[in-house]
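J.: Chain by chain, the residues run as shown.
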Amino acid sequence: MTTALFILGSLGSFSSSVVAQPETVSDSAENSGDVFVTDSFSARQFEDRQPETLAFDSERVIVGAEFLNLYTGPGRGYVIDHVVEYGEPLWLLKRRTDWVKVMTRTGKTGWAKIADLDEIYTTEGEQVVVPTPGIDDYRDQSLRVGFAYGDFAGANSMGLSLGYRFTGNLSAELRAAQTIGAYSDSRTFQVAVVHQPFPQWRVSPYFLLGTGVNITSPNATIVATEDRQDTTMLSGIGITTYLSRRFALRAEVANHYLLTSREENQEIVEWKLGFDVFM
Amino acid sequence: METRIRRIYVKLASLLLAGAMSSTALAQSSGDIDDIISPDLERREIREAKIDSEDFEFTVYLGGILSVEDFGSNSMIGGSLAYHINEDFFMEAAYGQATLGESSYERLSGSAPLLSDDERDLSLYNLSLAWNFLPGEIFILDKFALNSNLYLIGGAGNTNFAGEEHFTYNVGIGVRMLAQDWLALRLDVRDHIFEHEIFGEPLTTNNLSAQLGVSIYF
Chain A
951 MTTALFILGS LGSFSSSVVA QPETVSDSAE NSGDVFVTDS FSARQFEDRQ PETLAFDSER
1011 VIVGAEFLNL YTGPGRGYVI DHVVEYGEPL WLLKRRTDWV KVMTRTGKTG WAKIADLDEI
1071 YTTEGEQVVV PTPGIDDYRD QSLRVGFAYG DFAGANSMGL SLGYRFTGNL SAELRAAQTI
1131 GAYSDSRTFQ VAVVHQPFPQ WRVSPYFLLG TGVNITSPNA TIVATEDRQD TTMLSGIGIT
1191 TYLSRRFALR AEVANHYLLT SREENQEIVE WKLGFDVFM
Chain B
23 METRIRRIYV KLASLLLAGA MSSTALAQSS GDIDDIISPD LERREIREAK IDSEDFEFTV
83 YLGGILSVED FGSNSMIGGS LAYHINEDFF MEAAYGQATL GESSYERLSG SAPLLSDDER
143 DLSLYNLSLA WNFLPGEIFI LDKFALNSNL YLIGGAGNTN FAGEEHFTYN VGIGVRMLAQ
203 DWLALRLDVR DHIFEHEIFG EPLTTNNLSA QLGVSIYF
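Those protein sequences? They're chains A and B, same order as listed. Per our numbering, residue 951 is the first one in the first sequence, and the count goes up by one each step. Per our numbering, residue 23 is the first one in the second sequence, and the count goes up by one each step.
Check each hint, because a few of them may be wrong.
What the hints assert, rightly or not - Computed footprint of chain B on chain A, listed as stretches where at least three residues anywhere in the stretch have a Cβ under 8 Å from a Cβ of chain B:
#1 1045 to 1052
#2 1147 to 1154
#3 1176 to 1187
#4 1197 to 1208
Stated by the list, open to error - Distance windows between CB atoms, simulated:
#5 Gly158(B) x Val1219(A): 17 to 23 Å
#6 Met1183(A) x Gly185(B): 39 to 45 Å
#7 Glu124(B) x Leu1223(A): 45 to 51 Å
#8 Phe240(B) x Glu1035(A): 28 to 34 Å
#9 Gly185(B) x Val1079(A): 54 to 60 Å
#10 Val82(B) x Val1203(A): 45 to 51 Å
#11 Asp139(B) x Met1183(A): 39 to 45 Å
#12 Glu124(B) x Glu1176(A): 29 to 35 Å
#13 Gly1104(A) x Ala134(B): 43 to 49 Å
Hints in this document: simulated from the structure, not taken from any laboratory. Backbone N, C-alpha and C fix where the C-beta goes; we use that ideal spot for every residue, glycine too.
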């Protein structure tokens, strides 16, 4: 019995040492680890050459991925006509949508996908990321531009909006819209505050409050009247959903309360569907 | 009986094992606790590249033709401003102007013209979304291979003529050829669909336009 316990005990200690072992192995691997890309053999090999035609403000980076495909244009439909290797320097020229135009050390230019540029470094070894437009986080401050089409109390409307998000919940919007109806046409210009209580939701509701002017011109063929300009109060609710980092759809119903100079104020309900693009 | 003893041994063994492991774990965690709280990991510095973007495209129509149902085909001037959302989509605001001709009725009947000169000035704008659905290359003779894309575009806007505003849908297709990264030639054809009541009754019209433009990315 005691011998058995002794054997078991030694087994136990042995197993614990087995458990401990892999850590030391991985430690030593890390310590003796591979050379950093900017100090690597290939990076030094490539270092001296530089293209002759180079814009003064282009940034030099070193490729840390095994290879990088360069396309002839900023899109997946264009041809890959060049490949840059690990350790090779690159100069970043400009960005269009999710692509970056780069120049290689031989002066060859091409377009690289930003997603493929996740491992580029400066000569000092600092990692470089290419900023992409759009929104990574719902708390980000961001600028957006949107188009919207809708129904303005029976009339067709289309509009443009420019929004700025201050915090995750709160943004301000400038809106301009034109509506064309059977009896009258109008133009509306508004400033609104938009509140999104749950910006992290996939489909996120919002509320808006605003004010502006509404310029109505009755159709002259029916009645000969002058244009009216009324101050409006705007309130509305809507939902918005991201289809990608840059693109969100939105649907909205808004109540325009026109403070008219006539005896009664006028209420107009507007429904619209649109999209926002984050810049 | 024997199996029971064996079971006891196994239980004891597992207990011991567990004890040994947890004790080493404990020893380790108490020893390394400082390292965990203040890790001496070398933090990677990450910096954003200082890089210019070129997502906007401004187009001037070199030549355009707008055919308005019953009022002939007339030259159109205008331009557009596009914002490229990604490689597949762009949004565009476009504006155009044309002066309409006489309708056949006006020419043949010899009666007073339907519209005054001012009313013959047409202006239109639209807000559209386009899809670059066929990117590729266009080859010109032996020497040139130009990047290109074919896009489908559609949206809504307004057409102002005959003293009236007309809500207008537009759908179209276009081709863009890039001579340089920042310079392109565009040819697009649109159908502007709107309803008017100039002849007394509401009439939905399809008005085709074709425009050749030069665009600059900035």
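J.: None of the hints should be skipped; say for each whether it holds.
T.: Results for each hint:
1. 1045 to 1052: holds (count 7)
2. 1147 to 1154: violated (count 0)
3. 1176 to 1187: It is violated: at least three residues are needed, and the region 1176 to 1187 of chain A offers just 0 whose Cβ sits closer than 8 Å to chain B.
4. 1197 to 1208: violated (count 1)
5. Gly158(B) x Val1219(A): 17 to 23 Å: violated (46 Å)
6. Met1183(A) x Gly185(B): 39 to 45 Å: The hint (39 to 45 Å, Cβ to Cβ) is violated, given that Met1183(A) and Gly185(B) are roughly 31 Å apart.
7. Glu124(B) x Leu1223(A): 45 to 51 Å: The hint (45 to 51 Å, Cβ to Cβ) is violated, given that Glu124(B) and Leu1223(A) are roughly 39 Å apart.
8. Phe240(B) x Glu1035(A): 28 to 34 Å: About 33 Å separates the Cβ atoms of Phe240(B) and Glu1035(A), which means 28 to 34 Å holds.
9. Gly185(B) x Val1079(A): 54 to 60 Å: 55 Å Cβ-Cβ, so the 54 to 60 Å window holds.
10. Val82(B) x Val1203(A): 45 to 51 Å: violated (39 Å)
11. Asp139(B) x Met1183(A): 39 to 45 Å: holds (41 Å)
12. Glu124(B) x Glu1176(A): 29 to 35 Å: holds (31 Å)
13. Gly1104(A) x Ala134(B): 43 to 49 Å: violated (34 Å)
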